[in-house]
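Could you build all of it, start to finish, from the sequences and the hints given here?
Same order as they appear, the protein sequences are chains A and B. Residue 70 in the working numbering sits at position 89 of the first sequence, with consecutive numbering throughout. Count along the second sequence from 1, add 4, and you get the number used in the working numbering.
Rather than coming from a laboratory, the hints here were simulated on the basis of the structure. Backbone N, C-alpha and C fix where the C-beta goes; we use that ideal spot for every residue, glycine too. Hints may be right or wrong, so weigh each one.
Computed cross-link-like contacts, EDC-like style, restricted to lysine to aspartate or glutamate with a CA-CA straight-line distance of at most 20 Å [to be verified]:
{"id": "1", "chain 1": "B", "residue 1": "K128", "chain 2": "A", "residue 2": "E105"}
{"id": "2", "chain 1": "A", "residue 1": "K237", "chain 2": "A", "residue 2": "E209"}
{"id": "3", "chain 1": "B", "residue 1": "K128", "chain 2": "A", "residue 2": "E151"}
{"id": "4", "chain 1": "B", "residue 1": "K60", "chain 2": "B", "residue 2": "E274"}
{"id": "5", "chain 1": "A", "residue 1": "K178", "chain 2": "B", "residue 2": "E274"}
{"id": "6", "chain 1": "B", "residue 1": "K128", "chain 2": "A", "residue 2": "E153"}
One side only, chain B facing chain A, incomplete, derived with CB under 10 Å [what the hints assert, rightly or not]:
{"id": "7", "residue": "F123"}
{"id": "8", "residue": "V124"}
{"id": "9", "residue": "D127"}
{"id": "10", "residue": "K128"}
{"id": "11", "residue": "A130"}
{"id": "12", "residue": "F136"}
{"id": "13", "residue": "V139"}
{"id": "14", "residue": "S166"}
{"id": "15", "residue": "T167"}
{"id": "16", "residue": "T169"}
{"id": "17", "residue": "Q173"}
{"id": "18", "residue": "S181"}
{"id": "19", "residue": "F239"}
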Amino acid sequence: MAWFIGIDVGSVTTKGVIAKDGVLQCHHLIPSGFNYGAAAKKLLQELLTSADVSMEDIAGIVTTGCGASNVDFASRKVSDIVCCARGIQAISPLVQTIISVGGQASQAIRMGDSGRLADFAVSERCAAGSARFLQVMANVLRIDIEEIGPLSLNSTNPVTFSTGCAVFGETEAITRIAEGFSKEDILAGVHQSLSNKIASLVAQVGLEEKCALCGGGGLDAGLRRSLEAKLGLQLLVPPHPQLVTALGAAVVAEEKHTTRGEATS
Amino acid sequence: MYFAGVDIGSTMTKVVIVDEDGSIRSRIVGPTGAEHRRLANKVMEEALQQADLSFKRIEYVVATGYGRFNVPFADREITELTCHAGGIASLFPRVGTAIDIGGQDAKGLKIHDGKLVDFVMNDKCAAGTGRFLEVIADTFGIKFEDLGEMSLRSTREIGISSTCTVFAQQEVVSRLSEGILIEDILAGVNDSIAERTINMVRRLRIETDVVFTGGVALNPGVVKAIEKKLGYEVFVPEQPLLTGALGAALLGREYVLKRLAGNEPIVRKERQLAETTFFAQQ
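Following this line, the structure appears as structure tokens:
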């Protein structure tokens, strides 16, 4: 019996999954807070308790994400691009292009033949290219980030943002509020602006017909609709889009364990 | 004869009045007013008061800057790049390159014989503009005007790895929580602005003399950081915010004097010293 754990320490949320013989057993999410190492440790305990196993039963732990190096109990650290690709493959092996929208970075990945990673592009230098832009706007409009998607879907007249910068966008949103634009229309405009940035990221790696959206951004129905309109196709969104990279980390943990096992036997 | 230039920027409105010889008679810097440039006419009134002139005695008014459109008290609009180049060249005739960092943009101007020949600009991203400094000042709860002096006290400058203002804000907060001194963080912030600006202006091939203007030029920490990157001294006008308005006034003067010399009519608008708004008047 072999259990594997994948932990994805993101800028906002730390996600963990525990898998047994390649099957997902349970998952947990906690806020990353200011201490990534402590968040990961807490998450590990919760996973072990939920699955009712002890550390001796765990054959491998892989960490990934921007806080991965703060985790001291993992067997190895793997890039989030690789984990995201592995995670999507485990869910749907036919996906050719992956878009992952996270708390402070977005990624576009193109898969090649036989599950190899063909190309990727990352937007991490600009807040307006990630879900961070949504968080900034949620603060301005005094709403929770979960409310953004449903509100945006009700927009009838999206605001066109003249800027691609989160700081200038914030000022522009305040001006639009003063002019009487609704939250719905402002948020739909934010989604369009973010979609434009993501679409140019996707263009760098190449858009294929089977395209998946994951990361926390996959939970935002407004972003999904706006991206689908921009890219001109329907996106595949897995049931727990924010867990894909953590799942991929567990898959990598199992792969490494198996190959190492073969090598020594 | 008197000529006025009014430069309506994103945060400040600047007015300069010159006389027939081109000498400065009055210069005022005041807030643009968050409420759609409502205060621009007040700044003009103050400048008139300083010069002890009535509005009627102003021969010609040129508006420039981001808010130059539909100014009811101007005869003409001229782009801020042309006005800046004119104003800077009148103060520093040997200028080759000008760097202007304002409240929400940063520009590089290549000037030959007092005329603008090329430019580069960033108005797309808050990083590298005055806005970046504003966000940092707000984060630390210190006054924008105090940033420069404070940063000069730094003895161990730290690097800021984020380019984006939003991410940099988060980064400086965590540096502060690690116990790093505000002045050392501010020195790092200044270096980040200088790096971004110089990288942009390099596209013009920087030629001396280099003149640094705009509100951010009032920050001695940023001036120092830019000089460090360039390896030589830059010139900062006594009033670095006023070069656009000065250029506007001088261009108005040039136009009127040329027209008078050629016995040609001067094209004016019906001016009203009234509020100006972003929206077309109804």
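We went through each hint and held it up to the structure:
Of the pairs offered as hints, the one joining K128(B) and E105(A) holds, with about 17 Å between alpha carbons and a cut-off of 20 Å not exceeded. Straight-line distance between C-alpha atoms of K237(A) and E209(A) comes to about 36 Å, which puts the hinted pair past the 20 Å bound. Proposed proximity of K128(B) and E151(A) is supported: the alpha carbons are some 13 Å apart, at most 20 Å. About 11 Å separates the Cα atoms of K60(B) and E274(B), which keeps this hinted pair within 20 Å; it holds.
With a C-alpha separation of about 45 Å, the suggested pair K178(A) and E274(B) falls outside the 20 Å cut-off, and the hint is violated. Among the hinted pairs, K128(B) with E153(A) is consistent with the structure: their alpha-carbon atoms are about 13 Å apart, no more than 20 Å. Against a cut-off of 10 Å between C-beta atoms, the interface hint on F123(B) is violated, since the closest Cβ of chain A lies about 20 Å away. The beta carbon of V124(B) comes no nearer than 17 Å to any beta carbon in chain A, farther than 10 Å, and the hint placing it at the interface is violated.
This hint holds: D127(B) has a C-beta 8 Å from the nearest C-beta of chain A, less than the 10 Å allowed. Hint on K128(B) holds. Least Cβ distance to chain A is approximately 6 Å, under the 10 Å limit. With a cut of 10 Å, the hint placing A130(B) at the interface with chain A holds, because the nearest CB-to-CB distance is about 4 Å. Residue-level restraint check for F136(B) holds (minimum Cβ-Cβ distance to chain A is 8 Å; threshold 10 Å).
With 10 Å as the threshold, the beta carbon of V139(B) comes within range of chain A, its nearest partner Cβ sitting at about 7 Å, so the hint holds. A distance limit of 10 Å between C-beta atoms decides the matter here; for S166(B) the minimum to chain A is near 8 Å, and the interface restraint holds. Because the beta carbon of T167(B) sits about 5 Å from the nearest beta carbon in chain A, less than 10 Å, this interface hint is met. A hinted interface residue such as T169(B) counts as satisfied when its beta carbon comes closer than 10 Å to some beta carbon of chain A; here the least separation is about 5 Å, so the hint holds.
Given the 10 Å rule on beta carbons, the hint for Q173(B) holds: about 9 Å separates it from the nearest Cβ of chain A. Residue-level restraint check for S181(B) holds (minimum Cβ-Cβ distance to chain A is 7 Å; threshold 10 Å). Because the beta carbon of F239(B) sits about 30 Å from the nearest beta carbon in chain A, more than 10 Å, this interface hint is broken.
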